[in-house]
Amino acid sequence: MSTRVLLSKELLPLLTSFQDGCIEPLRCYYYAWQLSVELPSSCASFKSLSYQWAQSFNTLLEQSNARSEHVLLLIKQYPAMFTPATVDVAASRGHLDILELLHASGMLKCTLDAMNEAATQGHLTVVRFLHDNSLKGCSTRAMNGAARNGHLAIVQLLHDERSEGCTTVAMDSAAANGHLNVVQFLHNERSEGCTTNAMDHAARSGHLDIVQFLHQHRTEGCTTDAMDWALIYGHLNVCEYLQEKRREGCTANALYAAVWEGNLQNVQFLCERRGESYRRDVLEAAVNRGHSSIVKYLEAHWNVNALESLKNTVVACIYRLANN
1 MSTRVLLSKE LLPLLTSFQD GCIEPLRCYY YAWQLSVELP SSCASFKSLS
51 YQWAQSFNTL LEQSNARSEH VLLLIKQYPA MFTPATVDVA ASRGHLDILE
101 LLHASGMLKC TLDAMNEAAT QGHLTVVRFL HDNSLKGCST RAMNGAARNG
151 HLAIVQLLHD ERSEGCTTVA MDSAAANGHL NVVQFLHNER SEGCTTNAMD
201 HAARSGHLDI VQFLHQHRTE GCTTDAMDWA LIYGHLNVCE YLQEKRREGC
251 TANALYAAVW EGNLQNVQFL CERRGESYRR DVLEAAVNRG HSSIVKYLEA
301 HWNVNALESL KNTVVACIYR LANN
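With the first letter of the sequence shown counted as 1, position 297 gets the number 297 in our numbering; the numbers rise by one all the way through.
These are calculated hints, taken from the structure and not from any lab test.
Treat the numbers as computed from the prediction; the structure is a model and nothing was measured.
Even for Gly, the Cβ is constructed at its ideal location relative to N, Cα and C.
Mixed in with the good hints, there may be bad ones.
Unchecked claim - Simulated restraints on C-beta separations:
#1 Arg67 <-> Glu161: 47 to 53 Å
#2 Tyr233 <-> Arg289: 17 to 23 Å
#3 Asp209 <-> Asn288: 55 to 61 Å
#4 Glu308 <-> His217: 32 to 38 Å
#5 Arg289 <-> Asn181: 51 to 57 Å
#6 Gly165 <-> Arg279: 32 to 38 Å
#7 Gly193 <-> Gln77: 50 to 56 Å
#8 Glu100 <-> Thr251: 42 to 48 Å
#9 His301 <-> Arg246: 37 to 43 Å
#10 Gln77 <-> Glu161: 57 to 63 Å
#11 Gln156 <-> Asp209: 30 to 36 Å
Stated by the list, open to error - Capping the alpha-carbon separation at 30 Å, the derived lysine-lysine pairs in BS3-like fashion look like this:
#12 Lys136 <-> Lys76
#13 Lys109 <-> Lys136
#14 Lys76 <-> Lys109
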């Protein structure tokens with residue numbers, strides 16, 4: 001009789017389910033959990049340690065071919081595994097199924113990071129679920145992060161249905177990353193506005209449409225960083241617009257940097273459109289870097305002779321020009 005029971009595919013799992021220990025499919029989670037709970041109590045307050053475990057735990061779940069079944073078993077046998085950090089990471093990775101199972105079991109315990117990170121990563125369904133079912137809510141980081149990454153639908157949801165709002169970081173970062181639709185929404189629907197970082201960083205990244213929008217509709221303006229960065233990163237069309245429409249200009253470093261990098265177009269723009277006058281350090285940099293085309297241009301534009309102007313670098317000048 002006992003042999004027949006032990007050989008039964010139906011009865012043996014039922015009997016062993018009442019025994020202590022961990023079944024095979026859950027061992028990987030259990031061993032990882034043991035490493036976490038065995039940390040010295042003095043380390044318990046370090047948030048990064050708990051999140052390292054939470055990241056590992058969620059990675060194991062992602063690799064499982066039976067995630068829902070494993071989650072249900074873990075909820076039953078090892079509920080302590082589902083710490084707020086674990087739930088936060090699940091939300092940040094878009095694991096709606098895990099959140100739904102935890103909610104159904106009365107174990108949906110998370111922090112503000114859950115909705116903040118879900119919003120930042122663009123998980124609209126998770127943000128909606130947490131909004132409807134979690135008491136923790138979010139902070140301004142949620143809309144800031146969603147705006148930074150261009151998740152307009154999430155920005156709209158947070159604006160329409162929640163009260164935390166955002167900061168100037170939202171429009172600044174949306175502008176820097178080229179999300180014109182988000183910038184427009186924030187401008188039209190919200191009052192936080194932006195800072196000079198918005199146009200500065202949009203110029204740096206070459207987002208001319210955003211530079212134009214900010215110039216036409218906002219009053220924060222920019223700094224000399226806008227044109228400096230646009231020149232450095234090769235966005236001459238942005239420089240042309242800034243030169244035509246704005247008055248901040250650029251710094252003296254812009255011409256030196258253009259010469260140093262051998263960018264003749266930028267040198268011509270600065271000399272002809274910005275009216276940069278003769279500078280010995282700039283001419284010397286062009287000579288010593290071997291940029292003969294720039295040396296010749298500067299000689300003609302400034303009506304100078306490099307050999308005469310740079311007597312202490314005559315040898316370098318002759319050598320460089322002879323080999324270009």
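Hint by hint, where does the structure go against what was stated? Just the numbers, ascending.
1, 3, 4, 5, 6, 8, 9, 10, 11
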